[in-house]
Structures are given as structure tokens and as C-alpha cells.
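Visitor: Read off the chains here:
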Amino acid sequence: MTLLAVERIKLFTTRSPWWCTLIALALTVGFGALMAGTADATEPLNIAATQFGYGFGLVVVMVMATLAITTEYRFSTIRATFLAVPNRPSTLVAKATVVAIMAAIIGELAAFGSWGIASVIKPDIDLTINTAYEWRAVAGVGLVYALSAVVAVAVGVLVRHSAGAIAVLLIWNQLVEPLVQLIPKVGDDIHKWMPFNIANKLITGDPDPTARNVLQGPPPSDAVLGPWPAIGVFAAFAAVLLGIAIVVANRRDA
Amino acid sequence: MIEATGLTKHYGRTVAVDNLSFTVSEGKVTGFLGPNGAGKSTTMRMILGLDRPTSGDVRIDGQHYRDLHQPLRTVGALLDAKWVHPNRSARAHLRWLAAASKLPRSRVDEVLDLVGLGGVADKNAGGFSLGMSQRLGIAAALLGDPKVLLFDEPVNGLDPEGILWIRKFMHRLAAEGRTVFVSSHLLSEMAQTAQDLVVIGRGKLIHQGTVDEFIAHATESTVLVRSPELEKLGEHLLGAGAGISDDGDALRVSGMDSAAIGELAAAKQITLHELSPQVGSLEQAFIQLTGDSVEYRTAEAAQRAGQEERA
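If you're matching them up, the sequences are chains A and B in order.
Under our numbering, the residues of the first sequence are numbered 1 to 254, in order.
Under our numbering, the residues of the second sequence are numbered 1 to 311, in order.
Hints are computed from structural coordinates only; laboratory data are not their basis.
It is possible that some hints are incorrect.
Computed from the model, here is a short list of chain B residues facing chain A with C-beta under 10 Å [unchecked claim]:
(1) T8
(2) V75
(3) A92
(4) H93
Keep in mind the model is a prediction, meaning the values are calculated, not measured.
All C-beta atoms, glycine included, are put in the ideal place defined by N, C-alpha and C.
Let the sequences and hints guide you as you build the complete structure.
Guide: As C-alpha cells, then:
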């Protein structure tokens, strides 16, 4: 608990987390409003469509999570941290936990905010969250953001430079995963197992995502796992990455 | 007490610290002296568990730093005053450090007042001058009221006022019975603050002992002799095994103390006009001892050293 308090103080006494939160919320809720405002008879508004900005918010949340650790390296406060708490694994787990909680809160605010603004703009359309799929599509955003934040912290620990770590995450999330599908024959099979694609399954999964109009909501995931096993695999991926980062940080000179 | 045994650190092929063994005794100010690049900072980082020694061991009161429970309560350190997030206020910076050691919030204001930063506590640390940053670093070091304090080059780059303040502070900490280990490449600074010295050059131990011992050990003490019969005295001194060199109208005698020289002169019935022991300064001692182990020196100095070797 002590270490969580330490990391919480550190996170909230600088400005960048607040800016990232505002930008993430503006993007996601903004897109929710945009989707609601532009919906018509041919492109009807549904719950998936309100979450159109989910992927953009995810990128901003990962930037926030990366900066939470890379600025510590940038300003050497990581050394001050290790002087105060020489147990590096505990410190880094506490950091990842606090950042993940922050990401989860942003995710829930973004998801329900987007859904809420859409409901306000189109009060005559029934956007009641009923099915398990609809609940996952909205409430699941916080979980995906939280786990992605852990991935971002791990990459931040390994790379240590803000620009480098953010570049790795964005290129991976925005370029490598979509472009891997272009590889002949095996591309699609590889894509099915890419981590962020797997994570998306929770939000954009059942019912059969391929039947959905791509314009309605975030691009559907083609992962073969069910939504909950998929997020389990992504969680394991995040945990392994964080584990590697901790082992490296523990051995490395601070 | 800080105890280093066979401490060694390699960075690739570079040997930063080479089989370094020393002890820092309790309740004293021990100076850690060496030219720039001698391995002082690396040694301090190893003491504090930031860097892993390639081999060897260093303990504080018998424990590795990494095994200390709430280490800020045992050891306070100021390695670099700029280890602060520039957009975080001085108070916030100390607040998370205090939280890590379960220290009350009131302690933060106490140390801020102690170092004279009470008035700027809510200003961002990024806007601080070097002197103010140094004060904030010292406040952080004192937060847990530790009995062991480590400072790496605390006066580096400070203005005279800042230097004086730090110096007074060191004296005060020592007077309170704390163990202070302070590094510097400035010998005059050490002469004013430290009782004991650990001197290193190129990562190796050159000397450990008191400041007085260091001077005695390092400077070849000579005796200046004046006499109307200088030539005759010189012959007798050489005969007795002393070394002599001309110093204008006087002789500089080495390897023999003033009492022996006086007795010799009396026995040979030579009149002496002056017989004065020459004590070397700390600066001389330092340069003499570390002269061979300066990592980075100017081309001119290197050339001069080369000529001396050939001569």
C-alpha cells in the first residue's frame, strides 16, 4: 500500500497524466458524439458505433503510461525511487498497478461518456445496454486500457526513452499489427494472434464481428479466441512483458 | 560504518573502480578525494545499491543497501541535485520520498525550513537555481533523519555563498555525530571539512587515513638550512646519507629531520643561520599522489609528464 501511495503521488503531481486524460476523453467522447450526430437510416446508430474512438483513446492512454515511467528515467527520479525503495520489482509492480488503475478509470469514463453523449444526441434511438456483448463493448474498454497501460509501462522500462518507447508502441499497435495481414498466405493467421488484435476481441467480438459494418464502431477483431479467453491471453502477455522488464531493471545499473 | 572490500566495477573494457577497499568510520566526516573520473561517483552508486559491483562488496553497518528496511531512515544521499522532475514542486518531490519511508507530512515542511526552502516549497523544482536544487537535494537526504550521509561533489558549481552554506552544514551534521562521506576533487574543501580521507585515482585506493597522515605520507618533508658554510655543511649532510638540493642561498635537505641536522652541524662546529622544517600543503600532497592517475588531462600536461619521464 505504501508503494501504491508513492506512485500515486508521483503520477498526480505532474501535469502530463492530466493532459493525457483530457485528450483521451475528448477523442473518445468526441467520436461518440460524431457517430451519433452523423447516424442516419442507412448507417444506424448502435452501441458498437458509440465506441468508435476507443482505439484513439487507447493510443493516448499508452502514451500516458509510457511517460509515467520514461520521465523517471529522463529526470533520473528512478534513481531517487530506487534509493528510497531498493526493492525494484515491488516498485515497478506498484507503478504498473497505479498506472493501470488510472487507465481503467479513463477507459470507463471514455466508454460510458461516449455512450452517454450518443444517448443524449439521439434520444429516440434505444441504446440500452442489454446483451453480454454490449456490456463488454462498453465496460470492457477500461480493462483493455488497463492491460495496455501495463504493456506500455513494461516497454517504457525496457526502452527508457520516451520517444523510443512511444515509437515502439505506436508502430506496433498502428502499423505492424494491421500491416502483418499483407504478408502472403500466413499474414492473416499471424494477425489473429497479434496481442492488440486479441485484446480488441473483448470490445468488438461476438456476435460474429465479420457480419458488422466496419464503419460502425472500432474495426472488428479477427482473433479466433472467445472474448474472455482472448483478454486472458492479452493479460498474460502484459504480465510476461512486465516480468521481463522487471528482471532487466533489477539486473541493470540504475 | 561503511565498509568496502575489493570493490570493482567494469564498464565494458573500462575499469572504473579497481579492487577498492576502505572503511568510513562512524561519527566523522570522511572526505572521498580523487581527480575527475577517478571513480568516486561510481563507488558511491555501488554503496547505494544503484550499480552492481562487478566483484567485491560494500556494506553499511554490515548490511547491503538493498537489504535495508526503509533505507532513507538509515542513509541519506545527495548524488545529483538534478534528480528531480522539473514540473513537480519541491514539496511534492519530498512528499513522495517521505511516503516511501512512512514519514509524516510534517517532516517534509521541517526539512524544507531546515534548508531554507520553506518559501518556495510549492514552486516547480525545474525553475530552481543550482544552489536551490542542492538545498532541495540535501533536504531529501535529511528527510529520514539518517545517521549516515553521502554527498557527491556537493559544492560543485556553487557560488561562494552556496559553498559556505554547504560547508557550515557539513560541520553541523558532523557535530550532531552523524557519519558523513563526502566526495570532492577539491582538496582545499576537504581540508576544511574532513577529518579522515579516502583518496583514489583511476579507481584504485591511493591512501586512507587522517588528513594529517595524508600530508605527512604524501609530501616528502624537507628542511630548509641557511649557513655561511653551506658547502661544507652540504658535504657532511651527503656523508650522513641525506639528500640535498640547492635553493638559492640555502639548502633543501630531505631524508633527515631538523634535530639531526642541528646536531650534525653542532658536532662539525658549523654555524647555522636558519633551520626550518617545510610542511607540504594538502594540494601538493594531492597532486604528488594522484599525478600519475589523472584520467583526463590537458595535452600540455601529458607532454610535460612525458618529458619528465624521459629526463
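Visitor: Output the numbers, in ascending order, of every earlier hint that fails for this structure.
Guide: 1
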